[in-house]
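Trainee: Per UniProt numbering, the very first residue in the sequence shown carries number 1; after that it's consecutive.
A hint or two may mislead.
Mimicking BS3-like on lysine-lysine, the simulated pairs with C-alpha atoms at most 27 angstroms apart in a straight line are [stated by the list, open to error]:
| # | residue 1 | residue 2 |
| --- | --- | --- |
| 1 | K202 | K152 |
| 2 | K47 | K121 |
| 3 | K165 | K110 |
| 4 | K134 | K47 |
| 5 | K152 | K165 |
| 6 | K134 | K202 |
| 7 | K110 | K152 |
| 8 | K152 | K134 |
| 9 | K110 | K121 |
| 10 | K45 | K165 |
| 11 | K152 | K121 |
| 12 | K97 | K110 |
| 13 | K45 | K134 |
| 14 | K45 | K97 |
| 15 | K242 | K273 |
Quick caveat, the hints were computed from the structure, so don't treat them as lab data.
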Amino acid sequence: MSEESQYSEHPGGWIEWFCAHEDHQFLCEVDDDFIRDPFNQIGIKGKFNFFIEAISMILQPTSPEDQDLEDERFLEVYQEASDIYGLLHARFIFTSKGSAIMRERFLQGKFGHCPRIYCEKQNVIPIGLCEDLKTARIKVFCPRCEEVYMPKKKCADIDGAYFGKSFPQFLLMTYPDLHPKFQLLPDTQIQVDFEPTLFGFKIAGKQGSKIKKFEQSFLCNHSITQPNIQPIEQNILQQEQKQYRIQKQQQQEQLNQELNQQSQDQNKEQKQKKKNKKKHKQ
């Protein structure tokens with residue numbers, strides 16, 4: 001390895017080196033004790049072939065060297081170590097220390113801002129749309145418009161499972177001061193919904209913000225249908241019972257027809273046998 005290693009600037013170990021990657025800027029450094037705790041490894045160990053080796057790699061006090069990254073065996077373990085660290089990271093950020101770290105990073109805007117104009121560069125929170133690995137990449141959640149977006153920053157190597165679906169809501173519930181309504185300053189412009197106008201006049205037939213229209217229709221439908229949930233369920237149950245009774249009746253009628261047909265066939269056979277006997281005697 002050359003004296004000027006590309007990893008020499010991260011002497012703190014594998015975790016610091018891993019989190020310092022440009023694509024891993026959303027990740028925080030998980031404590032060694034948290035990684036070693038067998039309780040935190042429950043449900044993770046059985047998913048990987050090189051779990052013990054990967055944990056040892058994660059806890060290394062030194063960062064990898066150039067020659068390590070040229071070893072195929074090392075790269076196989078490294079891939080599993082990355083996913084194991086990510087799943088442990090998804091659990092660590094739900095602890096008091098992990099959530100405090102993420103809170104500070106959120107306030108500093110480390111995760112980026114909402115691309116929606118009327119959200120006024122609201123800070124966003126990382127979110128995964130699936131808890132399973134290799135299913136969905138990391139996204140960001142805006143607590144103001146409550147929509148999910150692709151992150152602007154480079155996060156190509158971050159799996160959504162490294163954060164999970166519940167983290168944004170957990171962070172907002174743990175720290176209510178993070179909610180946008182607590183962040184408005186006295187000179188902050190009040191949030192308004194966009195309405196299309198022409199020379200200052202509202203355009204006929206244009207409703208403006210589709211988000212607002214969707215929210216209003218959802219609330220309206222919810223308020224109308226909520227009291228009727230029980231009658232609707234009762235009607236569905238009654239219809240199913242009626243269909244069941246009709247089906248049973250049809251099955252019974254079909255069975256009766258089959259029995260009658262069998263009885264008729266038997267009678268015909270008996271009559272035919274009697275005729276055959278008479279002919280034979282004659």
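Trainee: So, for every hint listed, does it hold in this structure?
Mentor: How the hints compare with the structure:
no. : hint        : in the structure
1   : K202 / K152 : violated (34 angstroms)
2   : K47 / K121  : violated (39 angstroms)
3   : K165 / K110 : holds (19 angstroms)
4   : K134 / K47  : holds (13 angstroms)
5   : K152 / K165 : holds (19 angstroms)
6   : K134 / K202 : violated (48 angstroms)
7   : K110 / K152 : holds (11 angstroms)
8   : K152 / K134 : holds (20 angstroms)
9   : K110 / K121 : holds (12 angstroms)
10  : K45 / K165  : holds (21 angstroms)
11  : K152 / K121 : holds (13 angstroms)
12  : K97 / K110  : holds (18 angstroms)
13  : K45 / K134  : holds (17 angstroms)
14  : K45 / K97   : holds (24 angstroms)
15  : K242 / K273 : violated (47 angstroms)
In the structure shown, a violation is registered for the earlier hints numbered 1, 2, 6, 15, in ascending order.
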